[in-house]
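Chemist: The lines below spell out each chain.
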Amino acid sequence: EAGVAQSPRYKIIEKRQSVAFWCNPISGHATLYWYQQILGQGPKLLIQFQNNGVVDDSQLPKDRFSAERLKGVDSTLKIQPAKLEDSAVYLCASRAQGGAGELFFGEGSRLTVL
Amino acid sequence: LAKTTQPISMDSYEGQEVNITCSHNNIATNDYITWYQQFPSQGPRFIIQGYKTKVTNEVASLFIPADRKSSTLSLPRVSLSDTAVYYCLVGGDNQGGKLIFGQGTELSVKP
Numbered sequence: 001e002a003g004v005a006q007s008p009r010y011k012i013i014e015k016r017q018s019v020a021f022w023c024n025p026i027s028g029h030a031t032l033y034w035y036q037q038i039l040g041q042g043p044k045l046l047i048q049f050q051n052n053g054v055v056d057d058s059q060l061p062k063d064r065f066s067a068e069r070l071k072g073v074d075s076t077l078k079i080q081p082a083k084l085e086d087s088a089v090y091l092c093a094s095r096a097q098g099g100a101g102e103l104f105f106g107e108g109s110r111l112t113v114l
Numbered sequence: 001l002a003k004t005t006q007p008i009s010m011d012s013y014e015g016q017e018v019n020i021t022c023s024h025n026n027i028a029t030n031d032y033i034t035w036y037q038q039f040p041s042q043g044p045r046f047i048i049q050g051y052k053t054k055v056t057n058e059v060a061s062l063f064i065p066a067d068r069k070s071s072t073l074s075l076p077r078v079s080l081s082d083t084a085v086y087y088c089l090v091g092g093d094n095q096g097g098k099l100i101f102g103q104g105t106e107l108s109v110k111p
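For the record, the sequence lines run as chains A and B. Take the first sequence: its position 6, counting from 1, is numbered 6 in my numbering, and each next residue is one higher. Take the second sequence: its position 19, counting from 1, is numbered 19 in my numbering, and each next residue is one higher.
Mixed in with the good hints there might be a few duds.
[What the hints assert, rightly or not] When the alpha-carbon atoms are kept at most 27 Å apart in a straight line, the in silico BS3-like pairs for lysine-lysine are as follows:
id, chain 1, residue 1, chain 2, residue 2
1, A, K62, B, K98
2, B, K3, B, K69
3, A, K78, B, K98
4, B, K52, A, K11
5, B, K54, B, K69
6, A, K15, A, K44
7, B, K69, B, K52
8, A, K71, B, K98
9, A, K11, A, K44
10, B, K69, A, K62
11, A, K44, A, K83
12, A, K83, B, K52
13, A, K44, B, K3
It should be emphasised that the hints constitute simulated quantities derived from the structure, not laboratory data.
Just chain A, same shape as in the assembly:
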């Protein structure tokens, strides 16, 4: 079974530029999460999708971050314009329908903002 795929693995940009991250969850998984993990901290939930609808985006800085999950499969997370404090690893995770059960994570996309 293929795992959660993310790209790119690494990205370096200058502040005020834009960047986009892509995630393809495990086939059939209805729930998709984007987390931001700053070095030395636990992952912080940015947004949660159930199929193609947003369940929770209370922690998403909506003035610069946006995310979509068209067709309820893969998802993109965009940052525009980027700030220095956006330097982090962006993790995508998916889970089959339901509130319990295992969360499957991708390897993450490491963003460095200069």
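Chain A is already provided as a structure; the job is to place chain B on it using the hints.
Modeler: Below, chain B alone, put in the same frame as chain A:
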């Protein structure tokens, strides 16, 4: 959402049993307790999940007392490769599956 509290770091030696305790005083009735392991430059990986009493799998055991206000992850006979950050999460259907990570416990296993 139930907040979790764990020790920031723990040290152990190879072959020892390690117990990491997580406090979650305001856990809700429908919440499950789940533990994840994370190595550097990797996403977190599921270890074990439970609702009450004791759960055991091939890598760990999870002990949950009757009041469910805490839980203990037990790693038997750790090796150097168990050096990682361990996260305790509490959540369930009542939050739509929302899962919040805390600071985690950085376990260092020494030879």
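Chemist: Is it true that the CA of K71 of chain A sits at most 27 Å from the CA of K98 of chain B?
Modeler: Measuring from Cα to Cα gives roughly 21 Å; hence the hint holds.
Chemist: Holds or violated: are the alpha carbons of K44 of chain A and K83 of chain A at most 27 Å from each other?
Modeler: holds (17 Å)
Chemist: For the pair supplied as a hint, K54 of chain B and K69 of chain B, is the alpha-carbon distance within the 27 Å limit?
Modeler: Satisfied, since the Cα-Cα distance of roughly 14 Å is no more than 27 Å.
Chemist: Just to be careful, I want the Cα atoms of K44 of chain A and K3 of chain B compared with a cutoff of 27 Å; is the pair within it?
Modeler: holds (13 Å)
Chemist: Does the structure keep K83 of chain A and K52 of chain B at a Cα separation of 27 Å or less?
Modeler: Answer violated: K83 of chain A to K52 of chain B is near 44 Å, above 27 Å.
Chemist: K62 of chain A and K98 of chain B: Cα distance at most 27 Å?
Modeler: Given that 27 Å is the threshold and the Cα spacing comes to 19 Å, the pair holds.
Chemist: Compare the distance between the alpha carbons of K69 of chain B and K62 of chain A with 27 Å, and conclude whether the hinted pair is satisfied.
Modeler: Between K69 of chain B and K62 of chain A the Cα gap is close to 35 Å, so the pair fails against 27 Å, i.e. violated.
Chemist: So if I understand the rule, the pair passes when the alpha-carbon distance is 27 Å or less; does K11 of chain A with K44 of chain A pass?
Modeler: holds (19 Å)
Chemist: Between the alpha carbons of K69 of chain B and K52 of chain B, is the straight-line distance 27 Å or under?
Modeler: Holds - the C-alpha atoms of K52 of chain B and K69 of chain B are around 10 Å apart, at most 27 Å.
Chemist: For the pair supplied as a hint, K78 of chain A and K98 of chain B, is the alpha-carbon distance within the 27 Å limit?
Modeler: holds (21 Å)
Chemist: Does the alpha-carbon distance linking K3 of chain B and K69 of chain B stay inside the 27 Å limit?
Modeler: holds (11 Å)
Chemist: Within a Cα-Cα threshold of 27 Å, do K52 of chain B and K11 of chain A meet the stated pairing?
Modeler: Distance ~43 Å between K52 of chain B and K11 of chain A Cα, so the pair is violated.
Checked against the numbered hints above, the structure breaks hints 4, 10 and 12 and satisfies the rest.
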